[in-house]
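Enquirer: Going down the list, the protein sequences come from chains L and V.
Just so you know, my numbering puts 123 at position 123 of the first sequence, and the rest follows in order with no gaps.
Just so you know, my numbering puts 114 at position 114 of the second sequence, and the rest follows in order with no gaps.
Since the hints were derived computationally from the structure, they do not count as laboratory data.
Note that the structure is a prediction, hence the values are computed from the model and not measured.
All residues carry an ideal CB built from backbone N, CA and C; glycine is no exception.
Among the clues, some could well be false.
Unchecked claim - Here's a subset of chain V near chain L, in silico, CB distances under 10 Å, partners left out:
hint, residue
1, H10
2, E12
3, A18
4, E22
5, Q122
6, Q124
7, D143
8, S150
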Amino acid sequence: MRVNCKFGIAVAALFVCLAARPLAAQQGARPAPKLGNPGTLVRQLMRMSPEQRERALEKLPPQRQAQIRERLQEFDNLPKAEQQRRLQLSEHFANLPPEKQDLVRRQIQAFNQLPDDRRRVVGAAFQRLRRLPEAERQARLASPQFQARFSPTEQQMLADLSSNLPPPTVEPPRP
Amino acid sequence: MICPMENGDHAELLALTAQQLEEPQVVRLQEHLGACSRCREFVARQQAVWQALDAWEAPAITSDFDRRLFRRIEQRPSWRDRYWAFQHWVPIAAAACLIVVAGWVSSRPARVAPLPQTQAAQLQSLQPEQVEHVLDDMQMLSDFTKAARSDAGEL
């Protein structure tokens, strides 16, 4: 009798485990991302396991499947931590309004065109500014020392980039 | 004579210590032992083993040994008893198997949920250039933040 009871408990445990799986999968799943932006879909493809991705892509025309796979491979080849870092940056960027995204793109291009010595100074200042809370950052940007140290173009660049890109805490530690 | 130790054939030396050789072989080996320290040492060790075995005396059995032995033989469970005992363990073994299976099943990654219908439809129109565009943005942002971290001496 006692043995049958144990057997019954084991069977019940098995069914509870099996029944709990779909629920856990639902609970563990990310909330459905915002639609309307192909970038969201691309990032979702990037996060998928190879099997998931194949299943998602299988309905596309073979040539397009191959082209998309080839481009995603570029991302897959990065180390996991770097993949995570890029996804987080990209997600933050994608949440900006389109005009802000364009602004960031333009300012990064402008940053890349700075002379090497200025680029180093501006890069270091950006890194410090993006760590600051909003009010403190604004105070720093408005301070006379800051304005004396950077040209108006550089000041604008630092203001635009530091207010539109995430603080470094969002980035996971590098391996 | 070829040295048995050098030849790797110890059988003759073992037979000598077990006193299983004929007289001419014993004489021939004894002559060799007089000249070969390795064989002499081997034979001495083997003789020590034999002496130890000879010195060992098995403890005497108790007077009721046979009676107890036969009683135990009689008490051996019958096939029927074994069958019932087996039946007793079957549910426990089955329960253990089920628990293992349940653990395995629950630890496997959950089956991939298909994309929601709206996203599946959106995927149909996804172009390789759009993937490239996202990758380009990622690269740009990554390069810029890395450069800034490097400039700040954090890399």
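Enquirer: If a hint holds in the structure, say so; if it does not, say that too.
Expert: Quick rundown of the hints versus the structure:
Violation of the interface hint for V/H10 is found here, the shortest Cβ-Cβ separation to chain L being roughly 58 Å, above the 10 Å cut-off. Taking 10 Å as the C-beta contact cut-off toward chain L, the hint placing V/E12 at the interface is violated, the least distance being around 63 Å. Using the Cβ-Cβ criterion of 10 Å, the hint placing V/A18 at the interface with chain L is not satisfied: the shortest such distance is roughly 57 Å. For V/E22, the interface hint is violated, since its Cβ never comes within 10 Å of a Cβ in chain L; the closest pair sits about 68 Å apart.
The interface hint given for V/Q122 is met, as the beta carbon of that residue sits about 6 Å from the closest beta carbon of chain L, less than 10 Å. For V/Q124, the interface hint holds, since its Cβ comes within 10 Å of a Cβ in chain L; the closest pair sits about 7 Å apart. For V/D143, the interface hint holds, since its Cβ comes within 10 Å of a Cβ in chain L; the closest pair sits about 8 Å apart. This hint holds: V/S150 has a C-beta 7 Å from the nearest C-beta of chain L, less than the 10 Å allowed.
Violation of the numbered hints given earlier is confined to hints 1, 2, 3, 4; the remaining hints are satisfied by the structure.
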